[in-house]
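**Student:** Below, each chain spelled out in residue letters.
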Amino acid sequence: MPAQVVTTENVTKIYGKKEAAFTALDGVNIEIRAGETVAIVGKSGSGKSTLMHLLALLDRPTSGSIQIGSKDASKLSAKQLDMIRNKTFGFVFQQFFLNGNDTALNNVTLPLKIAGMSKKARNQRGMEMLEAVELEDKAESKANDLSGGQKQRVVIARALANNPKLIFADEPTGNLDTKTGKIIENLLFNLNKKKGITLVIVTHDTDLAARCHRQIFIEDGRIVRGGKR
Amino acid sequence: MKLIDIIRDANSNLLRSKARTILTIIAIFIGALTLTVTNGIGSGVSKYIDQQLGNLGAEDVIVVQPQADDSFGSGPQKYEEAETGTSSNSGFGLLIPMMNDQDIQEITAVSGVVSAEPMLTPAPDYIVGPNNEKYQMLAQPFISGTNLELASGVLPDNESGENQLTLPFDHTPVIGFSSPEEAVGKTVAIGITTAAGEQKEVEATVVGVQEKSLVDLGGANTNDALTRNLAAVQSEGKPASAPEGYLAVIARVDVDTSSDEMERIKSDLRDRGYEAQTFQDTIGIFKQVVGAIIAVLNFFAVIALVAASFGIVNTLLMAVQERTKEIGLMKAMGLGRGKIFLLFSIEAILLGFWGSLLGSLAGIGIGLAANQYASSTFLKDLPGFSLTSFSPISVAVIMLIIMLIAFIAGTLPARRASRKHPIEALRYE
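Here the protein sequences line up with chains A and B, keeping their order. So for the first sequence, our numbering puts the first residue at 1; every next one is plus one. So for the second sequence, our numbering puts the first residue at 1; every next one is plus one.
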């Protein structure tokens with residue numbers, strides 16, 4: 001049995017205060033194991049993105065605890081959390097979040113630059129990543145000049161750059177046509193198969209969710225089913 | 001993230017919105033230019049004053065005179081018989097107190113005073129040069145240690161027994177020398193009236209020609225031998241009963257005397273009823289006026305910089321707003337708060353750097369051009385006076401001050417950027 005990568009225990013997230021308070025997550029217990037592919041499925045406003053932000057240590061829960069490996073995330077310093085996100089997580093977003101005026105290569109190497117890698121080393125690594133997504137010929141193109149599918153491949157190359165254990169993908173195919181979406185899906189699942197990278201995909205696309213080992217259904221901030229294996 | 005990458009990113013971020021960056025830099029540029037020019041003028045002028053201070057007198061000399069009475073308008077003072085010397089009727093009906101050997105003894109007794117000697121002030125009538133025509137002349141005794149600027153020749157030698165003098169620059173052609181160089185080593189005659197009313201001539205050798213100067217009284221400088229000879233001729237035929245007296249006494253102190261010690265000596269002299277002035281005191285007021293003018297100009301330059309710093313705040317706040325997503329993304333990828341703060345702070349400092357660098361260079365350029373213009377026009381008569389003067393250190397200090405102002409201005413936007421929450425970027429709009 002593979003070890004848990006991320007576990008939540010009775011996690012609640014409330015936005016706002018008093019009358020304006022809104023409970024986005026309510027007593028969420030889930031676990032994600034190393035090497036599995038998990039889909040977090042729910043309607044818009046169900047709390048699935050909030051859950052992903054908590055799992056990815058981008059936000060802290062109002063109550064409850066998140067275990068990352070064997071550590072309690074609430075006991076880690078901001079610096080340690082930054083380090084974990086930089087070294088072990090990769091992010092893929094529906095909106096890409098590429099720096100449009102910069103080259104594809106510079107976008108891919110951003111996490112490496114943050115990690116403090118030298119320019120030469122990170123460019124070499126970045127080129128390898130672009131080759132992995134078959135975009136090596138677009139390395140010097142500006143991100144703005146790329147098509148949607150190419151942009152998402154750059155995003156995946158960027159997520160892979162720091163050799164992560166876990167990739168969080170928020171609606172990775174949401175902005176793509178069906179055909180291009182399939183290519184991106186295949187790319188992500190191949191990473192899981194070949195490199196054993198754990199995938200957490202937030203989606204409302206049931207077809208994409210069905211390809212995952214496990215589906216966590218979320219409704220109005222509560223886990224309906226699939227929280228634990 | 002490495003510092004070099006942060007600086008590189010900060011620089012390329014500035015280039016992203018060129019127009020905005022250039023406008024902000026122009027504001028800083030104006031402040032830096034003004035500061036550089038005003039400081040250049042300030043140091044140019046004070047450098048010249050310092051030079052002239054050397055012309056005026058040695059640093060170990062105090063001119064001692066009897067204290068002026070506050071008796072103006074209160075009627076004549078009681079006549080005191082030969083107590084502190086005599087008074088000479090100066091001819092305007094004013095009584096100027098004179099000093100005598102008793103005063104010299106008293107001044108020498110002040111601790112710190114090494115020697116005191118009378119300041120002889122013979123008043124020659126005319127000078128005759130190679131063209132054998134008589135011209136009016138002013139002369140003053142040369143005080144050893146004074147650093148006269150010379151167009152040619154050497155300073156008068158007070159140890160020498162020979163009659164020596166230096167002539168003012170504009171005297172040389174008038175009395176018949178074709179150039180300052182030609183005058184050196186030549187003999188001139190000085191006419192002076194004795195106490196008996198007879199006019200006599202004393203010969204002296206020209207050893208040097210003085211440069212024109214702002215503070216020079218325009219007279220010739222005579223060495224000790226010449227001064228004494230002139231004074232001797234002047235008092236020839238004086239009735240034996242007429243008392244000996246001088247207007248002032250030159251007191252010398254040790255060259256290493258500290259300024260505190262100098263103050264103490266001056267106040268001791270004052271307590272004994274004398275006016276004591278160093279040459280620095282004489283010129284001090286002039287320096288103060290120039291200093292005040294420069295301070296006012298600098299004040300305006302700083303106001304320009306404060307205005308420019310609001311430009312920096314504005315520019316960077318806009319940049320932070322525009323780059324919200326990017327900041328959030330970098331934070332999501334593990335870039336710490338401190339580094340984000342640093343990124344925007346360095347942008348601010350770079351704005352300050354470019355603005356101050358260009359402003360300083362332009363200021364130096366304008367200053368040097370002004371020097372050229374000034375020395376060929378309105379400062380033509382003051383050789384050695386360059387209107388502006390720039391030292392690498394003062395330019396570096398100005399740049400550092402401006403970069404510091406820019407950094408302080410940048411802290412507000414940088415803080416705002418560092419406090420952005422990563423999920424702000426990841427929220428769909």
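Keep in mind the hints are simulated off the structure, nothing from the lab. In this text, a Cβ means the ideal position worked out from N, Cα and C, and glycines have one as well. Treat the hints with care, as some may be off.
Said to hold, decoys possible - Stretches of chain A that chain B covers, calculated by requiring three or more beta carbons in the stretch to come under 8 Å of a beta carbon on chain B: (1) 14-24; (2) 83-89; (3) 97-103; (4) 210-217.
**Student:** Look at each hint and say if it fits the structure.
**Tutor:** So, going through the hints one by one against the coordinates:
Here the segment 14-24 of chain A counts 0 residues with a CB under 8 Å from a CB of chain B, which misses the bar of 3, and the coverage is violated. As drawn, the segment 83-89 of chain A meets chain B at 5 residues by the rule of a beta-carbon pair under 8 Å; at three or more, the given contact holds. Beta-carbon proximity to chain B at under 8 Å applies to 3 residues in the segment 97-103 of chain A; the threshold of 3 is reached and the given coverage holds. Against chain B, the segment 210-217 of chain A contributes 0 residues with a C-beta closer than 8 Å to a partner C-beta. That does not satisfy the three-residue criterion, and the hint is violated.
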